[in-house]
Each structure stands twice: as C-alpha cells, then as structure tokens.
Amino acid sequence: MSAVKTYNSLSEVKSDLLNGTLTLPELVGHYLDRIAEERHLNAFLEVFGDEAEAQAKTVQEKIMHGKAGKLAGMVIGIKDIICYKDHRITVGSRILENYTSIYSSTVVERILAEDAIIIGRLNCDEFAMGGSNENSYYGHVKNYADNTKVPGGSSGGSAVAVQAGLCLASLGTDTGGSVRQPAAFCGVVGLKPTYGRVSRYGVVAYASSLDQVGPITRSVEDAALILEVIAGADEYDSTASSKPVPAYSRGLASGGKKKLAYLVEALSSGGIDPEVKTMTEQAIQQLKEEGHTVEPVSFPYLEYVVPTYYILTMAEASSNLARYDGVHYGYRSPNATDLESTYKKSRSEGFGNEVKRRIMLGTFILSAGYYDAYYAKAQKVRKLIRQKTEEILNTYDFILMPTTPTPAFGIGEKIDDPVTMYLADIFTVQASLAGIPAISVPAGNNSSGLPLGLQFMGRRFGEGELLAFSEHFLELTKQKVIHH
Amino acid sequence: MSTPDTPFEKYELVVGLEIHAQLSTNSKIFSSDSAAFGAGPNEHTSPVSLGLPGTLPRINRQVVASAVKMGLATNCRINLANRFDRKNYFYADLPKGYQVTQDALPVCQQGYVHLKLKGQAQRTVRINRIHMEEDAGKSMHDKDNRYSLIDLNRAGVPLVEIVSEPDIRSAEEAAAYLSEIRKIARYLGVCDGNMEEGSLRCDANISVRLRGAETYGNRCEVKNLNSIRNLQRAINYEFKRQVALLEKGETIGQNTLNFDAGTGETSVLRSKEMAYDYRYFPEPDLQPLELSQEWVEEIHHSLPELPEDRANRYTRQFSLSGYDASLLTAERAVADFFEELVKFTGNYKSAANWINGPIQSYLNENNLEIAELPLPANIFGDIIELVDSGKINHTAAVKQLFPAMLADPRKNIIELVAGLDLLIDTCTDDLDHYIATVLARYPDKVSEYHKGKKGVLGLFMGDVMRLSGGKIDPGKTNKLIIQKLEALK
Chain A
1 MSAVKTYNSL SEVKSDLLNG TLTLPELVGH YLDRIAEERH LNAFLEVFGD EAEAQAKTVQ
61 EKIMHGKAGK LAGMVIGIKD IICYKDHRIT VGSRILENYT SIYSSTVVER ILAEDAIIIG
121 RLNCDEFAMG GSNENSYYGH VKNYADNTKV PGGSSGGSAV AVQAGLCLAS LGTDTGGSVR
181 QPAAFCGVVG LKPTYGRVSR YGVVAYASSL DQVGPITRSV EDAALILEVI AGADEYDSTA
241 SSKPVPAYSR GLASGGKKKL AYLVEALSSG GIDPEVKTMT EQAIQQLKEE GHTVEPVSFP
301 YLEYVVPTYY ILTMAEASSN LARYDGVHYG YRSPNATDLE STYKKSRSEG FGNEVKRRIM
361 LGTFILSAGY YDAYYAKAQK VRKLIRQKTE EILNTYDFIL MPTTPTPAFG IGEKIDDPVT
421 MYLADIFTVQ ASLAGIPAIS VPAGNNSSGL PLGLQFMGRR FGEGELLAFS EHFLELTKQK
481 VIHH
Chain B
1 MSTPDTPFEK YELVVGLEIH AQLSTNSKIF SSDSAAFGAG PNEHTSPVSL GLPGTLPRIN
61 RQVVASAVKM GLATNCRINL ANRFDRKNYF YADLPKGYQV TQDALPVCQQ GYVHLKLKGQ
121 AQRTVRINRI HMEEDAGKSM HDKDNRYSLI DLNRAGVPLV EIVSEPDIRS AEEAAAYLSE
181 IRKIARYLGV CDGNMEEGSL RCDANISVRL RGAETYGNRC EVKNLNSIRN LQRAINYEFK
241 RQVALLEKGE TIGQNTLNFD AGTGETSVLR SKEMAYDYRY FPEPDLQPLE LSQEWVEEIH
301 HSLPELPEDR ANRYTRQFSL SGYDASLLTA ERAVADFFEE LVKFTGNYKS AANWINGPIQ
361 SYLNENNLEI AELPLPANIF GDIIELVDSG KINHTAAVKQ LFPAMLADPR KNIIELVAGL
421 DLLIDTCTDD LDHYIATVLA RYPDKVSEYH KGKKGVLGLF MGDVMRLSGG KIDPGKTNKL
481 IIQKLEALK
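Chains A and B, in that order, are what the protein sequence lines are.
Just so you know, we're using full-length UniProt numbering here: the first sequence kicks off at 1 and counts up by one.
Just so you know, we're using full-length UniProt numbering here: the second sequence kicks off at 1 and counts up by one.
Treat the hints loosely; a few may be bogus.
Covered stretches of chain A, going by a simulated chain B footprint (3 or more residues, C-beta under 8 Å) [stated by the list, open to error]:
#, segment
1, 80 to 92
2, 203 to 215
3, 227 to 241
4, 256 to 267
5, 307 to 320
6, 325 to 331
7, 440 to 449
The set of hints was computed from the structure by calculation and includes no laboratory data.
Heads up, the beta-carbon is just placed ideally off N, CA and C, and yes, glycines get one too.
Build out the structure end to end from the sequences listed, making use of the hints.
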C-alpha cells in the first residue's frame with residue numbers, strides 16, 4: 001500500500017495540498033496504485049492513467065497560483081454511462097463495446113471546468129438496468145466489504161471505487177435507486193437529486209423521466225460540493241430546471257429541529273431484514289432524543305411503487321434503446337445479411353438478457369390494446385404516489401426509510417429471479433417516481449460487517465436542507481465511512 | 001369523370017390528404033444544425049441529429065411560430081398546451097428508432113380552407129389537425145452496389161403535417177386543396193412549397209362509397225405523391241380500381257399503397273395486417289409546450305394578408321371574378337405585381353387577363369418567377385391603354401408586341417409598335433374594301449347569316465383581320481360587318 005493516507009473529503013485533500021504534505025501527482029499516483037491493487041474488484045472498466053497524471057500536474061500548478069476551481073484536488077471516477085469526449089463509453093454493454101463518444105456530457109464539462117481529475121470509467125449494470133452490477137457485459141463487481149457480496153447497482157463500480165478508496169468520489173446515475181442502493185451496500189454517501197436538478201445531456205438514457213446523475217462520496221460535504229458544480233440549467237436539456245443553484249456546501253451547518261416521517265408500511269413489510277429494521281429503529285430513537293420529531297405515517301401505495309416503476313421505465317427504455325440497431329454505430333452482427341437481420345442479430349447478440357427482458361416488456365406495455373391497461377394506468381398511479389408523497393412532505397421536512405430492505409446479498413443469489421431482484425428496489429423507487437431528492441447515508445454495519453444505509457427524502461429542490469440534515473445525522477451517530 | 005351507363009356514376013369519391021410541409025427555418029427542430037437543402041452528405045449533422053447516445057432534443061421556437069402561423073392562416077384552434085410524442089419504428093434513416101412528433105395533443109386543430117374551382121360554388125375542406133415533427137434522413141439504395149447509403153442532413157429538419165378531414169370529392173378538388181395549402185405556406189414564408197425537392201409531400205387517403213351512403217368505405221393510403229399531377233393521377237386510378245373491385249363484389253383491402261409515376265398505377269406497400277404499431281407515448285425528453293395567448297396574438301397580428309382575403313378584396317375592389325382573383329393571388333409576388341399594375345390602368349379586368357394569360361404563360365414556359373420578368377408593371381398599363389383606345393389590336397399586342405418587348409425590354413413601346421407596323425388604320429375606306437371582299441367570297445355564309453345563323457360573324461371577322469394584317473380595331477370592324485350584312489338583306 002502506498003504512503004498516502006485515505007482521504008474522506010476534498011477539504012482534507014486541500015488542506016494537505018496547501019500545507020505541502022501532499023501533491024496532486026502523488027495523490028493521483030496513490031489512487032492509480034490502489035486501482036491496480038484492487039483490480040479484482042472489477043470496479044474500473046478503463047483507467048485514464050496518463051491523462052490523470054498530466055492533469056494532476058496542471059491542476060497542481062493552478063493551485064499554486066491560486067487559480068484552481070472548486071473541485072481542484074478531487075480525483076473522480078465516472079460511471080460508464082456518462083459521455084466524455086474522445087473517450088470510450090460502453091454502458092456495460094457489448095452493443096457499445098468499441099464506441100467512442102464524440103462529445104462530452106454537461107456534467108463532465110462542469111466538473112472539468114472546476115478542475116476535477118477524471119481517473120477512469122466505472123463498471124455498471126448494462127444500460128443501468130440492475131441492482132447488483134451482475135448485468136455488466138464486462139463482468140460483475142465485488143463488494144469491498146465482502147468480496148462474495150454484490151456492491152449493488154446499477155452504479156456498482158462507482159460505489160465500490162469510493163468504498164475501496166480507488167478515487168475520492170464518483171458520479172453515478174440513479175433511475176430507481178442506482179446511486180442510493182449501491183451507496184448503502186458499500187457504506188458510502190449517495191445522493192439522487194430532484195428530477196431536473198442536474199442536466200441529463202450526455203448521460204445515456206435508461207428511463208428519461210426518472211434518470212438523474214448523482215454523486216457517490218465519502219462525505220456529505222463532497223456530495224454537496226459536487227452537486228453544486230453539476231446542477232443547474234442547461235440549454236441542451238429542456239427538462240433541466242432553471243432554478244438557481246444554492247451553495248450547498250456552505251449550508252451544511254444550518255440546523256434546527258426537524259419533523260420526520262417514517263412509513264409504517266415500510267417497517268412492517270415482510271421483506272425487511274431484522275437488522276435493517278433495528279438499525280432504522282435505533283436511528284429514529286437517536287433523532288428523537290436529539291429533539292427532532294419522528295412520527296409514523298401511512299403510505300398505502302408502497303406495494304404499488306415497484307410495479308409502477310418497472311412499467312414506466314421498461315416502456316421508456318424500449319424506446320430509448322431502439323437507437324442501438326447496428327446501423328449507425330456500435331455493435332453490428334457479422335452474421336447480418338440485410339437490414340432486418342442487422343436489427344435482429346445485432347440487438348440479439350449485442351444486448352444482455354436483462355436488457356432484452358426490459359425491452360420486450362416495454363414494447364408490450366406500449367402496444368396497441370395494452371397501453372391503457374399498463375402505461376396509462378401506471379402514469380395515473382405515479383401521479384397518486386407523487387401527490388401522496390408531497391402531501392407527507394407538506395407536513396414533514398423529511399421522510400426516513402432504510403435505503404434497502406436487506407444488506408448486500410450474495411453474488412449470484414438473485415440473478416435468476418428478476419421479480420425478487422426488482423422487489424429489492426421497494427424503498428428507493430418512491431423518490432424516483434415522485435421526482436424528489438433522496439440520499440443514502442452510512443448507518444453502521446450489520447453483525448456480519450456488511451454496511452447498512454439509511455435514506456432521507458426531501459422536498460423537490462430541497463437538496464440544501466436534505467444535505468444539511470444528513471451531515472447532522474452523521475455527526476450525531478458518529479458514522480463515518482469505513483477507513484481503509 | 002364518367003360517361004353515362006358506367007358504374008362509376010353510382011359511386012362517390014372520398015379523399016383526405018396528409019400534407020408534410022418542410023419548414024424554412026435556419027436550423028433543425030431539435031438542434032442548431034443547419035436545416036438548409038443541398039449540402040454534402042451528412043454535413044448538417046451533430047450529436048443530436050445523429051441520435052447519439054445521451055443526446056436530448058430542445059425545441060426550436062421558430063418551428064412553433066411557423067406551425068402557429070399555419071394554424072392561424074387555416075382557421076385552426078391553437079392548443080396553447082400541446083406536447084410531443086414518440087412514434088416508434090425501425091428504419092435505417094431514422095437514427096433514434098423513433099420519430100418525435102405530436103400525436104395526442106397537436107399544436108393546431110379544427111381548421112378549414114375554402115376552395116374556388118372554375119365555374120363551381122365555393123367548397124370548404126376541414127382541417128383535422130396540424131402538428132410539428134422531425135423529418136427522417138434519406139436512404140439511398142442505388143449509389144453503391146453492396147450497401148445502402150444514409151444521409152442524415154434531413155434528419156431533424158422541421159415539418160408540419162397538415163391533416164384534412166375526408167372532405168375532398170374529386171381529383172380536381174384534391175389538387176385545388178393541395179395548391180391552396182401550398183399557396184398559404186408560401187404566403188406565410190413558412191415553407192417554399194417545392195414539391196420536386198420534397199419540401200412539400202403528400203399522402204392521400206382514398207375511398208369510395210355509393211352515392212348517398214352515410215358511412216365511409218375502406219380507405220387506402222397512397223404514400224409520397226410528389227406532384228399535384230401525380231396526386232390527381234393516383235386518385236383517379238384508385239377511384240377506378242376501387243369501384244371495379246366493389247362492382248365485382250369484392251372488398252377493398254385497407255392497405256398502404258405506393259404510386260408508380262411511370263405506370264400511373266398503385267401497388268401494395270403494406271397490408272393492414274402488416275401495419276406498424278407505432279407505440280406512441282409522451283416524449284419524456286421535452287417539457288409539454290405552454291404557449292401564451294399573448295404570443296399567439298402577436299403572431300396573429302404579424303400575419304400578412306392571406307390569399308383568400310386578398311382574393312375576396314379583389315372581387316370587391318376590382319370587380320374581378322372569384323376565379324380570376326384566386327389565380328392572381330396564388331403567388332404573393334404575382335398579386336403584388338397586379339396591384340402595381342392597377343396603379344397605371346383602370347381596366348382591372350384587362351390587367352388581370354394580361355397577368356393570368358400571356359405573362360403567366362411566358363413565366364411557365366421559361367420556368368421563371370414574376371420577379372424575373374424583364375418588364376415593369378407600368379408598361380402593361382401603356383399596352384392596355386393602346387388597346388383600349390383602339391390604336392392597336394389586342395391579339396397583335398399579345399402575339400407580336402409582347403414578344404418584341406421581351407426580346408428588347410429597353411426599347412420604347414411606341415417605336416416598337418411603329419416598327420412592327422401595328423398601328424390600326426383609321427381609314428374606313430380600306431376597311432370597307434376588306435369587308436366587301438370577304439362578304440363576296442362567302443355568299444353561302446351571308447345567306448346563312450340572314451337566316452339567323454349569327455355564328456358565321458366570326459368567320460368574316462377572321463378573314464377581315466387577316467386581310468388587314470391585324471391592323472384593325474375589332475370592335476369597330478364588328479359593327480361595320482353587321483351594318484354591311486344588314487344592308488345586303
């Protein structure tokens with residue numbers, strides 16, 4: 001192991017850079033060493049070693065001249081679903097195996113403009129479809145806490161890279177929990193912003209009406225800082241909000257006594273692991289002791305959130321993934337002989353099973369004669385879920401829930417049972433359907449040493465309050481990301 | 001359409017048109033790529049129009065403004081709240097695997113246009129909807145012997161689709177309706193209306209039913225009719241084909257058809273069973289549009305005087321027939337030329353005849369726009385004056401003077417008239433002589449005239465005209481011939 005210590009926030013890095021005990025090239029060297037040491041985790045699909053080293057020198061210069069951006073010193077990995085000009089992007093799929101993006105996503109442009117160093121592309125479930133990172137064409141990712149367990153998904157590589165200290169932070173994407181769930185399984189911080197808070201331009205679409213980019217970090221502070229940089233209006237994304245972006249990182253100390261709700265149905269649900277339940281009850285107790293109000297509320301739609309989520313996302317995905325047709329770019333089957341067989345063979349050979357399952361179901365859902373029964377109905381239910389969630393948040397500042405019903409499960413344990421796999425999303429998809437921000441913070445380990453995550457959901461565009469409260473909670477519970 | 005005792009008379013033709021008009025905006029509907037025609041293959045593309053992973057559309061406001069203009073000009077209701085949907089299908093020149101269009105909530109609905117056909121009462125064709133959408137790219141199957149080639153310059157070029165109700169009852173009406181839509185689009189400057197380059201394309205939904213029937217017959221959709229003539233040919237062909245099938249007791253398959261301009265026949269492209277299921281759903285990458293009433297009002301006030309209004313004004317102000325007025329207003333520049341000309345003459349009918357007749361023929365023959373006519377409007381005022389005052393003969397003016405002027409636009413008109421020897425002889429003796437000669441030539445016809453067959457006058461008139469070399473005043477001559485004939489009685 002290299003001599004550089006494991007940093008938990010950019011402010012720690014900056015302080016050492018300024019007092020001269022650390023240089024940025026040293027830090028990048030350290031992370032490159034760590035990546036090499038932990039190659040078996042399969043978190044990185046590609047490491048931009050030379051580029052990161054060159055960039056480290058440039059940013060070091062800028063720091064010395066006092067001209068560095070907000071993210072100077074931050075070494076960051078990006079989920080391989082986020083376009084970075086002149087870099088390959090596979091989205092975990094064979095269909096884009098040799099595809100290079102000719103443009104950069106807005107989020108990449110924004111972090112680079114603030115002098116972040118992008119160290120590589122991170123493994124993920126194919127097209128962000130999955131909750132275990134077992135659906136990557138490039139192999140599954142291992143949880144650093146226990147190599148026999150999944151890291152969660154779909155941003156599994158992003159979570160493990162931060163958990164194992166292979167980079168300081170990462171960008172993931174969250175459609176139904178793909179940032180929060182792996183963050184919980186890996187004991188790190190994962191934030192899904194309000195839908196529309198962060199531009200989706202250059203982020204390969206899974207389900208457009210829910211996809212959001214979110215940071216995975218070792219501190220709330222870094223999550224706030226990254227959000228502050230990547231959020232905001234974008235002329236290339238008309239679903240991105242033009243609401244001004246507050247300086248989230250400077251508002252973390254704001255406090256006061258809060259009102260929280262927890263969902264009765266969530267804690268009484270049959271599928272919840274006893275230790276997860278205990279963890280949640282302890283958190284509730286601690287918050288109450290601190291003077292916050294925590295009350296049970298009923299959310300009668302909990303059993304509908306997963307089906308609603310899957311109907312809508314599969315429908316959108318079936319359309320979003322139509323462009324991978326073997327004609328314009330990406331994988332083209334060598335066995336194709338004409339247009340029809342180009343489509344059929346390229347897509348059959350290029351997509352994995354889970355992706356094909358969702359495309360087929362989505363196509364069925366949107367078909368004439370079924371649209372009203374599935375898609376239109378799911379839209380109605382989504383509206384009810386959003387209304388009921390907003391109603392709760394009119395009375396309460398936050399909704400508290402475990403991020404996942406269980407800790408990380410075993411690799412291979414659920415992969416042949418998609419329905420069980422889908423049901424594991426039960427606590428994360430509510431915020432996705434409602435379009436509200438939600439964060440997963442570390443909440444200790446279970447008896448086998450597996451991390452557990454607690455989730456807070458806030459009001460639309462209420463990331464400031466949500467982050468400040470998360471910081472407060474971590475202070476209160478003295479929870480820190482496991483040091484390695 | 002049919003001769004008596006054919007089965008065709010029993011049937012009524014029912015047609016509705018779907019017209020795609022490419023908008024003349026500078027950039028594409030969802031990106032800033034140029035929307036211009038004619039660049040090298042794939043030069044007008046960007047990540048967005050290539051449909052690359054991660055790209056998103058953003059709406060070009062000019063496109064919405066053009067669609068609203070088209071809607072207002074065709075008396076549509078403007079839906080302030082409208083939205084885009086995805087139409088999903090696979091095709092090689094459709095880079096995203098779906099077309100972004102408007103299905104459930106189009107920008108304009110429930111309009112109409114009036115048609116004026118020669119010698120017929122005004123007809124109304126209702127418009128069901130006008131919606132915005134993106135064009136696809138182009139596949140070329142004949143440029144390479146192994147591969148089809150794809151040019152995505154056109155992918156994302158903005159279109160409005162104007163969908164009529166099935167109110168059209170003949171090929172002529174279909175042609176008039178398509179011309180009217182083209183005329184309006186050109187007046188508004190939203191589309192150049194060029195059917196050859198594909199800026200204006202038309203699909204026709206055609207069915208037949210027994211006259212008096214309440215319900216429509218099974219319809220066939222004929223795709224990609226690229227000229228007004230082909231539209232009429234396809235409709236006439238389909239009418240006969242469908243009637244013949246029904247007469248044989250067969251049913252009409254509800255098919256999508258292709259029209260072969262070479263043979264003039266239609267053939268099946270897709271049967272009903274093969275019809276695509278487009279799986280429309282709301283486009284999640286675009287916010288629903290919320291137009292403000294003020295913005296729509298602003299557009300309304302900025303609209304130019306539209307062809308129908310202008311034509312109506314011409315019938316009132318200049319006492320022209322509806323047909324003449326409609327011809328004059330077909331092109332904005334032609335109508336402007338007319339209004340310039342009537343500053344120099346009070347003979348509006350003659351001004352209209354000059355423009356709709358010899359001037360249009362000259363322009364059509366030479367494939368020119370009126371702006372390219374080498375003669376200014378006031379010259380035609382002079383010609384009309386010369387004819388009206390009996391100094392030159394109208395036919396001579398059209399047949400001889402006009403070509404001479406076109407050949408030498410800068411030459412003085414009086415010199416030209418003199419050079420061509422067109423001035424009418426005022427000498428009545430010569431005229432008397434010509435008339436006497438002609439009447440002596442046709443004693444039979446003279447007696448026919450006396451028996452009441454006034455039609456022979458034209459024959460005498462023609463011969464007198466020839467003898468004089470065209471240099472007579474027709475009005476005066478006509479009177480004189482009648483006088484002489486009466487004297488011979």
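So, going through the hints one by one against the coordinates:
Check on the segment 80 to 92 of chain A: 4 of its residues sit with their Cβ under 8 Å from a Cβ of chain B, so the three-residue criterion for coverage holds. Restraint check on the segment 203 to 215 of chain A versus chain B: 6 residues with Cβ-Cβ distances below 8 Å, three needed, restraint holds. Under the rule that three or more residues need a Cβ within less than 8 Å of chain B, the assignment of the segment 227 to 241 of chain A holds, with 5 such residues. Counting residues of the segment 256 to 267 of chain A whose beta carbon lies closer than 8 Å to any beta carbon of chain B gives 0, which falls short of the minimum of three for the stated coverage.
With 4 residues bearing a CB less than 8 Å from a CB of chain B, the segment 307 to 320 of chain A meets the requirement of three and the coverage assertion stands. For the segment 325 to 331 of chain A, the stated coverage by chain B holds: 4 residues have a C-beta nearer than 8 Å to a C-beta of that chain, and at least 3 were required. For the segment 440 to 449 of chain A, the stated coverage by chain B is not satisfied: 0 residues place a CB nearer than 8 Å to a CB of that chain, which falls below the threshold of 3.
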